[in-house]
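J.: Sequence:
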Amino acid sequence: MGRMSLPLSRRREFFSGCRDELPLLLGVVPFGMIYGVLALDAGLGAFTAQAMSSVVFAGSAQLVATRLVRESAPALVVVATIFVVNLRHALYSASVAPYVGHLGLRWKLALSYLLTDEAYAVAGSRYARDAGAAEPSPLRHWYFLGAGITLWTAWQLSTAAGVFLGAQIPHRWSLDFTLALTFIAIVFPTLRDLATTAAALAAGVVAVLGFAMPYKLGLIVAAAAGIVVGLAMERWRA
4 MGRMSLPLSR
14 RREFFSGCRD
24 ELPLLLGVVP
34 FGMIYGVLAL
44 DAGLGAFTAQ
54 AMSSVVFAGS
64 AQLVATRLVR
74 ESAPALVVVA
84 TIFVVNLRHA
94 LYSASVAPYV
104 GHLGLRWKLA
114 LSYLLTDEAY
124 AVAGSRYARD
134 AGAAEPSPLR
144 HWYFLGAGIT
154 LWTAWQLSTA
164 AGVFLGAQIP
174 HRWSLDFTLA
184 LTFIAIVFPT
194 LRDLATTAAA
204 LAAGVVAVLG
214 FAMPYKLGLI
224 VAAAAGIVVG
234 LAMERWRA
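Numbering (our numbering), first residue to last: 4 to 241.
I should point out that these hints are in silico values taken from the structure, not numbers from a laboratory. Quick reminder that beta carbons are idealized off the backbone N, C-alpha and C, glycines included. Among the clues, some could well be false.
Pairwise CB distance ranges, derived in the manner of DEER restraints [said to hold, decoys possible]:
#  : residue 1 : residue 2 : range
1  : Val59     : Leu29     : 18 to 24 Å
2  : Leu106    : Leu234    : 28 to 34 Å
3  : Leu25     : Val211    : 27 to 33 Å
4  : Phe18     : Val80     : 38 to 44 Å
5  : Phe86     : Lys111    : 18 to 24 Å
6  : Leu25     : Ile230    : 28 to 34 Å
7  : Arg14     : Gly207    : 36 to 42 Å
8  : Val208    : Ala93     : 21 to 27 Å
9  : Leu168    : Ser12     : 37 to 43 Å
10 : Thr200    : Val59     : 26 to 32 Å
11 : Leu106    : Leu212    : 22 to 28 Å
12 : Ser12     : Gly207    : 38 to 44 Å
13 : Asp196    : Ser96     : 17 to 23 Å
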């Protein structure tokens, strides 16, 4: 690859990632606005609410944390719940590790920070498509970076809109439904076998049944149920 074509290829990969991330922003932007509004309702200051989006950068964890803070949940419950909610990121990391293991430390740190649900959905799909290619692009990490940067920018701006303009959003819009739609859009394309489908169904059913549990503990129980059912189905198939 020539010196002139290398920057062009990097740019092409980067903007391809940006482009492919755009459809998911239809759910991300309302989600970020909801978080900003709920953070203020929970008693967090505007600076703290915005800083959480920049430092934590995990929408579902931020949303659960604000609700637990609003309910005056014990610190141990908040930490344990957020830990369980974010365990999926360990699975994301294991999934993309074979494709980014050759990168330097700075690349790994940057991509690990940007590795969220929507970024993984786009980057993971790209890696899966290239798995059978004779010569997969060695610059796919630029695609990952483009998807992650696009998501990060949208999340910061939508959070700021919720924090500073939340009072202007009519309640009749009921934007909270977009949270569920976002995760449905991410999860549905990955349900390609019996084990993952059974795990998703089990977790969904348990989450609904455990909705009234205090401190959102139904999320922990639902996650555990999904894991157990998924593993059981894998063993049964084997």
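J.: Hint by hint, say whether it matches the structure.
T.: Hints, one by one, checked against the model:
no., hint, verdict
1, Val59 <-> Leu29: 18 to 24 Å, "holds (22 Å)"
2, Leu106 <-> Leu234: 28 to 34 Å, "holds (31 Å)"
3, Leu25 <-> Val211: 27 to 33 Å, "holds (31 Å)"
4, Phe18 <-> Val80: 38 to 44 Å, "holds (43 Å)"
5, Phe86 <-> Lys111: 18 to 24 Å, "holds (22 Å)"
6, Leu25 <-> Ile230: 28 to 34 Å, "holds (32 Å)"
7, Arg14 <-> Gly207: 36 to 42 Å, "holds (41 Å)"
8, Val208 <-> Ala93: 21 to 27 Å, "holds (24 Å)"
9, Leu168 <-> Ser12: 37 to 43 Å, "holds (40 Å)"
10, Thr200 <-> Val59: 26 to 32 Å, "holds (31 Å)"
11, Leu106 <-> Leu212: 22 to 28 Å, "violated (43 Å)"
12, Ser12 <-> Gly207: 38 to 44 Å, "holds (41 Å)"
13, Asp196 <-> Ser96: 17 to 23 Å, "holds (22 Å)"
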